[in-house]
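Trainee: Single-letter residue listing:
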Amino acid sequence: MSSQPKFSGDLAHLPTYGFGARSLTWWGVIAFMMIEGGGFALAAGAYLFLMSQETAWPPASYPPALLPGAIFTAIILLSEIPNTIIKKASEAQQLAKVRFWLVVIDLIGVLLFVVRAFEFAHINVRWSDNAYGSIVWALLLLHTIHILTDWVDSVVLTALMFTGHGEGPRRFVDVSENSLYWRFVWLTWIPIFALLYLVPRFV
Amino acid sequence: MTAPDPGAELRDGPDLTGDALDARLAETWADKPGLIGWLRTVDHKRVANRYIVTAIVFLALGGILALLMRLQLARPESGLISADRYNQIFSMHGTTMMFLFAVPVMEAFGVYLVPLMVGTRAIAFPRLNAFSYWLYLAGGIMIWVAFLLDIGPEAGWFSYVPLSGPAFSAGKRTDFWAQMITFTEVAALAVAVELVGTIMKLRAPGMRLDRIPLFVWSILVTAFMVIFSMPAVTLASSMLISDRLVATQFYNASEGGSALLWQHLFWFFGHPEVYIIFLPGLGFVSAITETFCKRPVFAYPLMVGALVTTGLLAFGLWVHHMFATGLPRLGYAFYTAASMAIALPSGVQIFCWIATMWDSRPRLELPMWWVIGFIITFVIGGLTGVMAASVPLDLELHDTYFIVAHFHYTLIGGGVFPLLGALTYWFPKMTGRMLGDRLGKLAFVLTFGGFHLAFMTMHFTGLMGMPRRVYTYPADMGWDTLNLISTIGAFILASGVLIFVVNILLSLHSGTVAGDNPWGAASLEWATRSPPAPYNFRHIPAVTSSTPLWEETLPVFSGLRVTERELLLTTVVEAKPDLREPSPKPSIWPLIAALATTLLFIWSIFSPWAVVWGSIPAAIALIFWFWPKNPPDLEKEPVIE
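Line order of the protein sequences matches chains A and B. Counting from 1, one number per residue, gives the positions in the first sequence under the numbering used here. Counting from 1, one number per residue, gives the positions in the second sequence under the numbering used here.
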């Protein structure tokens, strides 16, 4: 490059943060959603493929007990209410509100793990019994890892928001994208719930 | 909340340019010298160089395995290598070439070149990039150490069940293979995310979607293919390892499992994998063709459309690997049609390159030799692919050396030849020196000639019925001479690659000094020093056409901070300036996180509890990675420490 280049504009006035598709964080979150969504879709495909090989489904046991699964589904769907509050509050940069509702949603996460434990306890098949048992355990385990990782992420973020770092606008972008990811977590649960609890009963 | 004052910090501009700016930017962007600086780096060029060097080492190792197989097969009833060792050798050859060489080296070129070609200072998520390299290295070392300890994979690079299941593959051989998959796929997925982020958000102002270099388009499509295909193999291999470790029954037919489930999941990844290797190759060819024909590649929109179409169709033909398993008639028809259809976008690109050359006076410099070698070889490989897409013929040829010949024509012709051309072409940018011409031409002649001698012959060996993956064969089959010719060809090919590497080593020290743009190319990576400074560009370039360096001047933008790492984010379609975001500083935590993850992955070969206990150090490392290192200073603009 020559020593005195031709300047066609200046960037100093641009903001240093933006929400949604303007930020790099959003693209990272979306890309990870595609990876995980693809993984879940393939696992669901494996479930249906194995089902197509059998004459009875479940082959030799009862379907998982409906009640824990239904309670889990109800709680995770309702968690979208605080999740939306957090997302909106973060985009309005309301720190106190964000802090409060982050704590609430972290506690909801704890509740979800308790109910999930009951789901495992009433799954009515061992992973080693047959391929049905294996894929049922796999789907439930994958989704548990899914909520666990996002829960750890949320707890760390909550802690961060209670430090002085929480006042930086870029942290609100992190909170907003974390809420977006939580939407993905409960959205992926709906087809998994249908596969584990409804398909063996009604299909 | 008080907003920081943008005027308070030092920025580039008319008052700060040239050498003074270089010195200031270097202070901000350069790594600290010494081992710690080397381990902490997040510079995409340094990480990519490591990836490329490591991948070439694995190419050499995989090549040595190939030569061992060729030595064994050079004559009938040879006792050089035992059947068991031979199984491990061909499994390791395929595994090494696909997972440790081809995909990583292609992504590495993306990591090196994409930020430069789109005109930005760093890759998106640079720490993830460093993490991915360490993970890839650990996975590669793990599988090779296992192999040297006689616990290498033994069921082929696609590890079909039940051969790879607990009943037929005792011990830990297949488990190491399955975890190698986890290592390399996590690394590849991380790189894909970075590349998507970089291409979508970090393009120079004015680099609209229709001005993106074709190589960058090829990398974008490849990255999306990685994102959609690699979860399949990760899922499949996790299910395999759990069948072997905790007695799940996914693939056990007597308990409702299915061997075909493995094949579907594996090939849903495995077929796109071929295009993941081949599409960046097409990108190399487009870049080289443009430069040496001194005109943009003919029919840019068609070229982009062909790349995207190839990416989509690649997901619709995995079943053609399974024709011999028995399928519904409709399945045969559909996947035959899809497999033949994918020849169309490939053909479009071939014709566009030929049209580009036709319409110009191509300079026959060394990189163009590889392009021509690619076109000849790949067309042959593509045609045998169309042949094998036909079910009756496929049933005849399945698992014979004809198939071995076919996929080496596509992978070496479509992937490795463009790669060697790319290494020749970008060597001056990466090192500041030209690659030696005479040795380079000798390397091409030997590689090209040796390749066709070895693999053209295999078509006939296969047509005469020789199956692949047999460690020896009887003398009276009529295959002796053909096999001997293939072995001679393989050694000539290897000598060509060896000379290529020797040429690199010699040129590093005594090659002609290259300058910024030795080929007179048009894309932005040639607008900066060779090798580029850690911050890539002094000022952010402004793009007004698809060939910015062939315009009269390259205008620039001023105003990014120079005392902190800062990037320009632009809008997705129009690439209008939108935000300034900080870029992460170097950190040791990606390395520590990779080591913790390595512990988790290797431990879980031996105990399922590793997934529980091994996750804890990995999680702690990730938290330290993200946690800010200094108290916040809201008076100043943001940084990522």
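Hints in this document: simulated from the structure, not taken from any laboratory. Note that the Cβ used here is the ideal one computed from N, Cα and C, for glycine as well. Treat the hints with caution; some may be incorrect.
In silico contact screen, one side only, chain A against chain B (beta carbon under 7 Å); selected entries [what the hints assert, rightly or not]: (1) 12; (2) 14; (3) 31; (4) 42; (5) 44; (6) 52; (7) 56; (8) 57; (9) 58; (10) 62; (11) 91; (12) 125; (13) 165.
Using C-beta positions, here's what the derived DEER-type ranges look like [as the list claims (entries may be wrong)]: (14) 326(B) / 203(A): 52 to 62 Å; (15) 84(A) / 635(B): 24 to 34 Å; (16) 199(A) / 449(B): 53 to 63 Å; (17) 327(B) / 199(A): 46 to 56 Å; (18) 606(B) / 81(A): 51 to 61 Å; (19) 32(A) / 477(B): 27 to 37 Å; (20) 312(B) / 92(A): 36 to 46 Å; (21) 465(B) / 150(A): 13 to 23 Å.
Trainee: Now tell me, hint by hint, if it's right for this structure.
Mentor: Here is how each hint holds up against the structure:
no.: 1; hint: 12; result: 4 Å, holds
no.: 2; hint: 14; result: 5 Å, holds
no.: 3; hint: 31; result: 4 Å, holds
no.: 4; hint: 42; result: 5 Å, holds
no.: 5; hint: 44; result: 11 Å, violated
no.: 6; hint: 52; result: 9 Å, violated
no.: 7; hint: 56; result: 10 Å, violated
no.: 8; hint: 57; result: 10 Å, violated
no.: 9; hint: 58; result: 10 Å, violated
no.: 10; hint: 62; result: 16 Å, violated
no.: 11; hint: 91; result: 14 Å, violated
no.: 12; hint: 125; result: 11 Å, violated
no.: 13; hint: 165; result: 5 Å, holds
no.: 14; hint: 326(B) / 203(A): 52 to 62 Å; result: 26 Å, violated
no.: 15; hint: 84(A) / 635(B): 24 to 34 Å; result: 33 Å, holds
no.: 16; hint: 199(A) / 449(B): 53 to 63 Å; result: 59 Å, holds
no.: 17; hint: 327(B) / 199(A): 46 to 56 Å; result: 25 Å, violated
no.: 18; hint: 606(B) / 81(A): 51 to 61 Å; result: 44 Å, violated
no.: 19; hint: 32(A) / 477(B): 27 to 37 Å; result: 52 Å, violated
no.: 20; hint: 312(B) / 92(A): 36 to 46 Å; result: 40 Å, holds
no.: 21; hint: 465(B) / 150(A): 13 to 23 Å; result: 55 Å, violated
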